[in-house]
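K.L.:
Each chain, written out:
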Amino acid sequence: MVEFKNVSMSYEKGHEVLKNISFKLEPGSMHFLTGPSGSGKTSLLKLIYLAQKPSYGEILMFNRDVAKVKREDLPALRRRIGVVFQDFRLLDHMSAVHNVALPLRIAGASFSEVSEHVEELLSWVGLGDKMNSNPTALSGGEKQRVAIARAVIRRPDIIVADEPTGNVDPKMAERLMYLFVELNKLGTTIVIATHDDALVAKVGAPRLHLIDGKLLQVKGSKEDISEFIENEGISR
Amino acid sequence: MSQSFDFLPTINNREATKLLPWVMAIMVYLSALAATGSLLLNAGFEDWAGSLQGRITVQVTGADKDLIVAQSFEIQETLQRTPGIKSVRILSDEEISLLLEPWLGSGNITEDLPLPIMMDVLINNGAYINLGALESKVKQISDSVYLDDHGQWLNSFYDLANMIEYMSVGILFMVLIVSVCIVIFATKSSMSEHKKTLKIMHLMGAQDKMVARTYQKRFMYYGLKGGVIGLVFSFLTFYGLLNLFQNLSEGLVEMPTLPYLKMCILLLIPVLFALLTMLSARITVLRALGRMV
Numbered sequence: 002m003v004e005f006k007n008v009s010m011s012y013e014k015g016h017e018v019l020k021n022i023s024f025k026l027e028p029g030s031m032h033f034l035t036g037p038s039g040s041g042k043t044s045l046l047k048l049i050y051l052a053q054k055p056s057y058g059e060i061l062m063f064n065r066d067v068a069k070v071k072r073e074d075l076p077a078l079r080r081r082i083g084v085v086f087q088d089f090r091l092l093d094h095m096s097a098v099h100n101v102a103l104p105l106r107i108a109g110a111s112f113s114e115v116s117e118h119v120e121e122l123l124s125w126v127g128l129g130d131k132m133n134s135n136p137t138a139l140s141g142g143e144k145q146r147v148a149i150a151r152a153v154i155r156r157p158d159i160i161v162a163d164e165p166t167g168n169v170d171p172k173m174a175e176r177l178m179y180l181f182v183e184l185n186k187l188g189t190t191i192v193i194a195t196h197d198d199a200l201v202a203k204v205g206a207p208r209l210h211l212i213d214g215k216l217l218q219v220k221g222s223k224e225d226i227s228e229f230i231e232n233e234g235i236s237r
Numbered sequence: 039m040s041q042s043f044d045f046l047p048t049i050n051n052r053e054a055t056k057l058l059p060w061v062m063a064i065m066v067y068l069s070a071l072a073a074t075g076s077l078l079l080n081a082g083f084e085d086w087a088g089s090l091q092g093r094i095t096v097q098v099t100g101a102d103k104d105l106i107v108a109q110s111f112e113i114q115e116t117l118q119r120t121p122g123i124k125s126v127r128i129l130s131d132e133e134i135s136l137l138l139e140p141w142l143g144s145g146n147i148t149e150d151l152p153l154p155i156m157m158d159v160l161i162n163n164g165a166y167i168n169l170g171a172l173e174s175k176v177k178q179i180s181d182s183v184y185l186d187d188h189g190q191w192l193n194s195f196y197d198l199a200n201m202i203e204y205m206s207v208g209i210l211f212m213v214l215i216v217s218v219c220i221v222i223f224a225t226k227s228s229m230s231e232h233k234k235t236l237k238i239m240h241l242m243g244a245q246d247k248m249v250a251r252t253y254q255k256r257f258m259y260y261g262l263k264g265g266v267i268g269l270v271f272s273f274l275t276f277y278g279l280l281n282l283f284q285n286l287s288e289g290l291v292e293m294p295t296l297p298y299l300k301m302c303i304l305l306l307i308p309v310l311f312a313l314l315t316m317l318s319a320r321i322t323v324l325r326a327l328g329r330m331v
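Sequences listed follow chains E and U, in order.
Residue numbers for the first sequence follow the working numbering, so the first one is 2 and each next one is one higher.
Residue numbers for the second sequence follow the working numbering, so the first one is 39 and each next one is one higher.
Mixed in with the good hints there might be a few duds.
Claimed, not checked - List of simulated lysine to aspartate or glutamate pairs, EDC-like, C-alpha gap at most 20 Å:
id	chain 1	residue 1	chain 2	residue 2
1	U	K233	E	D93
2	U	K237	E	D93
3	U	K300	U	E84
4	U	K237	E	D88
5	U	K177	U	D104
6	U	K237	E	E73
7	U	K237	E	D74
8	U	K233	E	D170
9	U	K237	E	E13
Claimed, not checked - Derived contacts from chain E toward chain U, CB cut-off under 10 Å, selection only:
id	residue
10	G39
11	K54
12	G58
13	R80
14	G83
15	F86
16	M95
17	I107
It should be emphasised that the hints constitute simulated quantities derived from the structure, not laboratory data.
All residues carry an ideal CB built from backbone N, CA and C; glycine is no exception.
Okay, chain E solo, but in the shape it has when bound (with noise of 0.2 Å):
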């Protein structure tokens, strides 16, 4: 599904943000994404969800190298990934319905086509009743449920979610790690970035721990991470 070589990344004239990365993501797997804030798991995920190229390294979408794939190729590539932005990302001047029909307007369907769907959808995140609003109207955790649906609504291969349960309370937040543990369960491939260690170790999902941009595969248990630390040196 996702296959990293030897992936470094460094951003115009700045310093290297990710640091000879190599990992692999099965399809069908769900992994979360941790590590301190600046260890780089927003670029990592700029890396999976096609809005970076690697500065060094090889990576591999969908069984094909990204760095081969024609530019005009790219948008199908995409459009098999749901991504959950940090800041939402939602186009204020649309409703949260027409938001969240945006992954299927672009692939071809008129609105008329995908409306029951998505009200269907809003209305299982639980804004039933803010459908007709524009996300100025909603508040943090409503705009976050707006993304995510956005991110699903069209089943996608994989979905990258940053911090996706990080504004929404904590009933919320497990509800919405349900949806993602259940579309997991239907075999779309699931990654997270994630600083809720109690959710972490909840859904018991494999873990790509971060560090000062270098990459550590672990199950989930802080001694691993502290092992990898001191093998590494690197300063907390």
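Given the structure of chain E, go ahead and fit chain U onto it with the hints provided.
P.N.:
Same frame as chain E, now just chain U:
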């Protein structure tokens, strides 16, 4: 293949492209003025030149009216015998007075004004007349006879017509270039304004062509809207100008008219601008999106 849909916000007061239809209206207005002027002058030149081609004007002057009348008949006979000449008609005093009226005013031509004798000579189609030789021949009858085939005047006339036409095409071309630049600027400004929306569309897998289609549709509408407004105002301006000109020039020059086919060319100007606006927007969007990852 994803179909296009308008994902951009509807135009509001802050939108940079809000003024675009009005800018395009001014551009179309200027273009239509240049094109209408050029077409009208062209039609007028053709009418005026056509009425002079294949004709020679003969003028016999002199103080002794009886003498110049007698000489005129002799000259008329000589000309009629010349191969290539179709007809020679001596203009009546009334006709000559009518020709002078626009300059001297009605009723100001008195009996004692020494009017020349004038002849209108028609030449057969395609016939060549050696004007110099013909003039020498008739000068044997009267020293005060002058022949004019309007060649020199017509040449200057054609030079002027060509110059005006080139100028009109030049103005039209410049207006088109300026319009394209304005559309490119407006498109870039709009893209910058909706940067966030475009980025999201891009990351969700929208094809560049789909985004471009949204822009080109919107800009084509701006171009067409502005074009129609500009064309209507240009017609109103010309209508007013022609009326004014007709009142001033009554009897001096006949006003040219535009055939329907040429009128149709003018109707195409807004369409041309709409297409130009659409294409410029499309190319600008595609080039800008092409720079994204």
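K.L.:
Confirm or reject each hint.
P.N.:
A quick look at each hint next to the structure:
{"no.": "1", "hint": "U:K233 with E:D93", "in the structure": "holds (13 Å)"}
{"no.": "2", "hint": "U:K237 with E:D93", "in the structure": "holds (14 Å)"}
{"no.": "3", "hint": "U:K300 with U:E84", "in the structure": "holds (14 Å)"}
{"no.": "4", "hint": "U:K237 with E:D88", "in the structure": "holds (13 Å)"}
{"no.": "5", "hint": "U:K177 with U:D104", "in the structure": "holds (18 Å)"}
{"no.": "6", "hint": "U:K237 with E:E73", "in the structure": "holds (16 Å)"}
{"no.": "7", "hint": "U:K237 with E:D74", "in the structure": "holds (17 Å)"}
{"no.": "8", "hint": "U:K233 with E:D170", "in the structure": "violated (31 Å)"}
{"no.": "9", "hint": "U:K237 with E:E13", "in the structure": "holds (19 Å)"}
{"no.": "10", "hint": "G39", "in the structure": "violated (22 Å)"}
{"no.": "11", "hint": "K54", "in the structure": "holds (6 Å)"}
{"no.": "12", "hint": "G58", "in the structure": "violated (16 Å)"}
{"no.": "13", "hint": "R80", "in the structure": "holds (3 Å)"}
{"no.": "14", "hint": "G83", "in the structure": "holds (9 Å)"}
{"no.": "15", "hint": "F86", "in the structure": "holds (8 Å)"}
{"no.": "16", "hint": "M95", "in the structure": "holds (8 Å)"}
{"no.": "17", "hint": "I107", "in the structure": "holds (5 Å)"}
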